[in-house]
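Taken in sequence, the protein lines are chains A and B.
To convert, note that position 10 of the first sequence is 10 in this note's numbering; the numbers rise steadily by one, no gaps.
To convert, note that position 293 of the second sequence is 1293 in this note's numbering; the numbers rise steadily by one, no gaps.
Derived by calculation from the structure, the hints in this document are not laboratory data.
There may be inaccurate statements among the hints.
For each label pair, taking beta carbons as the anchor points, the in silico distance ranges come out as [unchecked claim]:
no.	chain 1	residue 1	chain 2	residue 2	range
1	A	K25	B	V1241	57 to 63 Å
2	A	D78	B	Q1044	39 to 45 Å
3	B	A1301	A	G58	49 to 55 Å
4	A	G40	B	K1059	45 to 51 Å
5	B	M1115	A	R260	35 to 41 Å
6	B	K1201	A	K110	29 to 35 Å
7	A	T173	B	D1175	53 to 59 Å
Per the computed footprint, the stretches of chain A lying under chain B, defined by three or more beta-carbons under 8 Å from a beta-carbon of chain B, are [as the list claims (entries may be wrong)]:
no.	stretch
8	36-49
9	157-167
10	197-209
Even for Gly, the Cβ is constructed at its ideal location relative to N, Cα and C.
There are 2 protein chains.
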Amino acid sequence: MGVVIPLEDSKNKQASVKPLVDLTKADMERVNQLILSKAGSDVQMIPEVANHLISSGGKRLRPMLTLASASMFGFTGDAHVKLATSVEFMHTATLLHDDVVDESDLRRGKSTARMIWGNQASVLVGDFLLGQAFRMMVDVGSLDALDVLSTAASVIAEGEVLQLSVAKNMETTEDDYLSVIRAKTAALFAAAAEVGPIVAKTDKASRNALKSYGMNLGLAFQLVDDVLDYGGKAADLGKNVGDDFREGKITLPVILSYRRGTAEERSFWREAIEGGESSDQNLERALGLISRYGGLTDTIARAQHYGTIARDALAPLPESPWKAALLEIIDFCIDRVS
Amino acid sequence: MGVVIPLEDSKNKQASVKPLVDLTKADMERVNQLILSKAGSDVQMIPEVANHLISSGGKRLRPMLTLASASMFGFTGDAHVKLATSVEFMHTATLLHDDVVDESDLRRGKSTARMIWGNQASVLVGDFLLGQAFRMMVDVGSLDALDVLSTAASVIAEGEVLQLSVAKNMETTEDDYLSVIRAKTAALFAAAAEVGPIVAKTDKASRNALKSYGMNLGLAFQLVDDVLDYGGKAADLGKNVGDDFREGKITLPVILSYRRGTAEERSFWREAIEGGESSDQNLERALGLISRYGGLTDTIARAQHYGTIARDALAPLPESPWKAALLEIIDFCIDRVS
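The shape of chain A in the complex, shown without the other chains:
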């Protein structure tokens, strides 16, 4: 009755972003040109600040999603390039504002823009990029795409405020946390993937498939990100282990460990997170508790759950190299922790 899975069929190699990178290579060059052009301004500080972040080595996953989700339906033209650039600008604007809100010193191992040019420039250049993003969307002229992306802009900001209001509150539930990451991260992944089929003028079912894929991929991505903050390959990614802990940010590894802990341990968590007692010694203890209660492995299991939903969302679509590349991205996002 047992089934022997041959080694070559099992997941015996790390999933890679490479197929998606290769397929979108030509269009991503157009995106990169457009980024440089639309982040330009006679006001010198604007391209300086924008390019600092834009050139800091992000994977540009979101614009690749937009390109792939249009190209897989045979779309050629430039609307998807403009929308992909808009998506990247929305993301960059969010990062600029996030670093101000979180008072972050480092992002991807480099000083944040606010450490170099100040909070003021970070807020205002973020606003500029958001304005430029909307101008490009208007230029494309699809009211459906505008609807999806402007709604995402509102939802992202709403999620960030929600995160602020649950910050340092240990009674945050897993559902509260999911509401936050659905809004602040997954909504943009969903919008990035949904505008592809919109400009490709495909059917509503395909549009919904890509939207669902993006949303669940985004949830998996953020869950893994929150795991990385407590270890794994954090150093490789230019992150400091324990940044979330020190900022009193409530993420799923903490929520699980808190809820599963003893009364004494819960009291420790409250002092550390709500009381701001985030010494290295307390971080050590937190890491120990997270490990004891399976905080990281179970967060990864949650990420796999959403990854499976993302995979099933694409199932009805015809096989193609694009679909295969998008499916591999799911594993790639999750494999970052393993």
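Position chain B against the provided structure of chain A, taking the given hints into account.
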């Protein structure tokens, strides 16, 4: 050869915002309803922060401009109400971000949102309102109006960054200063007035007339605002006299007084503005120099110049109560200092 102007024909009473308020009263009630509804969110902090600023007693000049500039062409419907609300949200978002950038404690005599809820909430709720503004524009469905307002959003942010880069630089010229206020203030007035004729589907000439009216009204408005900061009715408006001075902001009264002063006086200005020596004693001296060199009266003369351009922009349009109300607003803005 002399012409005697009878007293009743000369400008013998203060211009008033009342005709515009009366004409737009019914539609402004719809705007106010929409503001409340679109600033709403399940995330409690959002309506709290938004309503603090929205209910703080601004005149809502910008949305009234949009309503009037649509209604004067016979437009009825709800597109102008939605666009007027979008304009007010864009303005509110800018104020929230400005207060963070300027580190302001007071606005219109009340504590700023950032003093009550912190910089973080001010940045993020501003982002939310901007997102909601775009959603309403998309809902209206006019790509022309979207183009005008999204361009304004970029230009405003660009102007704010430009202001940041000329801040505390006494070599700022009147032209530099005009570039700043054209972008950060006048562009939104221009856009607010231009989208009226757009939704009313009137001719291009009328659209350009309203745009020019708005732009020049905005310049006059900001010039007068900068005069008010050095006196006049500043206290009535809940402003502290000398706020700009203390923040090292370069406005036209300062530019004129600096350029017209002696070498010793210019050295004083550099120490005060660039060196941040903004004691009450130095403010007293600055006020004395501004008075000696006609810094306020000549800034008001500049405002009158732009007011005249605004008036001439509307000249070709047929007479109507709407046109009369818009013309009176020019004098109302300038009369604030007299």
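Checklist entry - Honestly, do B:K1201 and A:K110 meet the 29 to 35 Å range at C-beta? => result 50 Å Cβ-Cβ, so the 29 to 35 Å window is violated.
Checklist entry - Should the hint that B:M1115 and A:R260 are 35 to 41 Å apart at their CB atoms be regarded as holding? => result Hint holds: Cβ distance 40 Å, inside 35 to 41 Å.
Next on the checklist: Taking beta carbons only, do three or more residues of the stretch 197-209 of chain A come closer than 8 Å to chain B?
Outcome noted: violated (count 0)
Item to check | A:D78 paired with B:Q1044, Cβ distance criterion 39 to 45 Å | outcome: Given about 42 Å between the Cβ atoms, the range holds.
Item to check | Stated coverage of the stretch 157-167 of chain A by chain B [criterion: 3+ residues, CB within 8 Å] | outcome: Satisfied; 7 residues make the cut.
Item to check | Cβ distance range 57 to 63 Å for A:K25 and B:V1241, holds or violated | outcome: 60 Å, holds
Checklist entry - Okay, B:A1301 versus A:G58 on CB: inside 49 to 55 Å? => result 51 Å, holds
Checklist entry - Does 53 to 59 Å hold as the CB distance between A:T173 and B:D1175, or does it fail? => result 57 Å, holds
Item to check | Given coverage of the stretch 36-49 of chain A by chain B, tested with a Cβ cutoff of 8 Å and a minimum of 3 residues | outcome: Since three or more residues must qualify, the claim that chain B covers the stretch 36-49 of chain A holds, with 5 doing so at under 8 Å.
Checklist entry - Cβ-Cβ distance between A:G40 and B:K1059: within 45 to 51 Å? => result 36 Å, violated
This entry does not satisfy hints 4, 6, 10, going by the numbered hints stated previously.
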